[in-house]
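Q: These protein sequence lines map, in sequence, to chains A and B.
Oh and the first sequence: position 195 is 195 in the UniProt record's numbering, straight run, nothing missing.
Oh and the second sequence: position 181 is 181 in the UniProt record's numbering, straight run, nothing missing.
Everything labelled a hint here was simulated from the structure, so no lab data went into it.
Wrong hints could be hidden among the right ones.
[Stated by the list, open to error] Between beta-carbon pairs, the in silico distance windows are:
(1) B/Arg185 - A/Arg80: 17 to 25 Å
(2) B/Arg205 - A/Ala121: 54 to 62 Å
(3) A/Lys146 - B/Ile98: 19 to 27 Å
(4) A/Gly95 - B/Phe234: 51 to 59 Å
(5) B/Arg185 - A/Ala121: 36 to 44 Å
(6) B/Glu52 - A/Phe24: 54 to 62 Å
(7) B/Thr116 - A/Pro42: 47 to 55 Å
(8) B/Asp53 - A/Ser39: 29 to 37 Å
Bear in mind the structure is a predicted one, so any value in this text is a computation, not a measurement.
Each residue gets a CB set at the ideal place from its N, CA and C atoms; glycine is no exception.
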Amino acid sequence: MAPVLVPIAYIVIVFGGLFIFSFFYRKHTSTQAYEPYFSSHPERNAYVTLLQKTDPPASDSLLKSALVRRAMADVQRVMRIREDKPALQNLLQKGSIGDDLWNSLISAEKELEAEIMEVVAEANSFVEGWGQVIFPTANEMMANEKMRVVFDNISEAKAELELKYDVKAKITATIGAAPTSQPRSNGLAPSSAGTDSVVSSDGEASSTPGKSAQKKAKKRR
Amino acid sequence: MSHSHSHAPGEEHSHSHSQGGPPQSPMMPAPDPALQALIEEDFKPVPLSFSEDRNNAYCLKHRLEKCDACDVDFVGLNRLASLLAANPSLLCPPPANIVTQKLTQVVTATKDEGNTLFKSSLHTAAINRYTVAATIAVSRPPWEANQLMREELSTVISNRSAAFYEAHDYISALADAEAVIQVRRNWSKGHFRKAKALLGMNKLRDAAEAVKLGLSFEPTNTELTSFLAEIEKFEKKTEDAKLEARRQEKTQ
């Protein structure tokens, strides 16, 4: 009896142990989630929240605006992935980064694809055919907004430059005339710019495009 | 997910490339339900409330557009929503190639007014006109082709920089010139204005550097090359003057 039992017990113990290990190991690796490449999607959350508001419901223009914002965030993410992918690929081949990061990039890319399809479908549900336009629109909006930020930041940039060059300017005596003329014109320019931008960036933005929009609408028909 | 270990990096590469750029695909296949579920799972409600006309969103607690405590920023959202609400005939932002011709006319007219003021050396008045023109240019509907706003804004600010320069406000001229460069990097004019403003403040080396940067975008620009030569000549002159002064000190 004993000579048969010992090898059987040996086999059972060895293979049982292997089986138990592989069972738990597989369970562990399958539940392991990659750290997401992009932490969260605030624009998407805002859009869905707005969509779910029923009492009172959000206005149509707010919903559409939120969808455009969401598309803009997606465009930014697509560009980010396009930029990062070759670099990460390189690092992965060199062994500088692990599989985890790479896999999270790949899954983020897949998710982004689904996300874009969803945005297109949502856009089409508002206005038929908007789905083809919304991403180009988001692209233009990003470029235009960047310019707007540059323009709005001129006075801040000026203050920084003043700090930077005021220190140096005292070394050379030849620009003695500049500091006297600077406060006058500096006091003038930002104040006029400030009032103008406050008045007309709201006034113009809502009034001139208003006229133009009607024109456009006529053109489209 | 254990397949990732058996994958060679090269294999993954070719496999991922077949997906192509997502926004370019003209035919939209149905999205993968598993991924959609993943997207839905990710959803977290944002605490927000509306303005009276329900066109603007604010954070729930503080009624602010941009709230750091609630970590929300609805400024861009609300701006576009108001713009859409002001144009009820606009069902959605139209394609980028439909542009407002009228806005271009207004910007050009205001800029020309500024130019005539500039020519009659009323620099402060010219600066004000240019500022108005720039504000109008920047209020162009954001969905329109960005080249238009880029060109209009950069020319107007470049002119304003010139006006500031003539008014001997070199710092403002410099700030405007840098804005021009940020908006339109490969345009030689912005670099030229920057160099001029720096020269006004007697920063010869910085001015030369600005010109060289401009030349790297447009190596054949005659305005820049002649200006560089001018700066170098000026630099030499000041050095000679210094040497001369030193020599005189020694002889005394």
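Q: Given the range 17 to 25 Å, decide if the beta-carbon distance of B/Arg185 to A/Arg80 lies inside it.
A: For B/Arg185 and A/Arg80 the Cβ distance comes to about 21 Å; the hint holds.
Q: Starting from the hint 47 to 55 Å, judge whether the C-beta atoms of B/Thr116 and A/Pro42 obey it.
A: Taking Cβ atoms as reference, B/Thr116 and A/Pro42 lie about 48 Å apart, which means the hint holds.
Q: Lying within 51 to 59 Å: is that true of the beta-carbon distance A/Gly95 to B/Phe234?
A: Holds, since A/Gly95 and B/Phe234 (Cβ atoms, about 55 Å apart) stay within the stated range.
Q: Does 54 to 62 Å hold as the CB distance between B/Arg205 and A/Ala121, or does it fail?
A: holds (57 Å)
Q: Just to be sure I understand the hint, the distance between the Cβ atoms of A/Lys146 and B/Ile98 should be within 19 to 27 Å; is that true here?
A: holds (21 Å)
Q: Take the C-beta atom of B/Arg185 and the C-beta atom of A/Ala121, compute their distance, and say whether it sits inside 36 to 44 Å.
A: holds (37 Å)
Q: Does the Cβ distance between B/Glu52 and A/Phe24 fall inside 54 to 62 Å?
A: Since the Cβ atoms of B/Glu52 and A/Phe24 sit about 59 Å apart, the hinted range of 54 to 62 Å holds.
Q: Kindly confirm whether 29 to 37 Å is satisfied by the beta carbon distance between B/Asp53 and A/Ser39.
A: holds (33 Å)
In terms of the numbered hints stated before, the structure departs from none.
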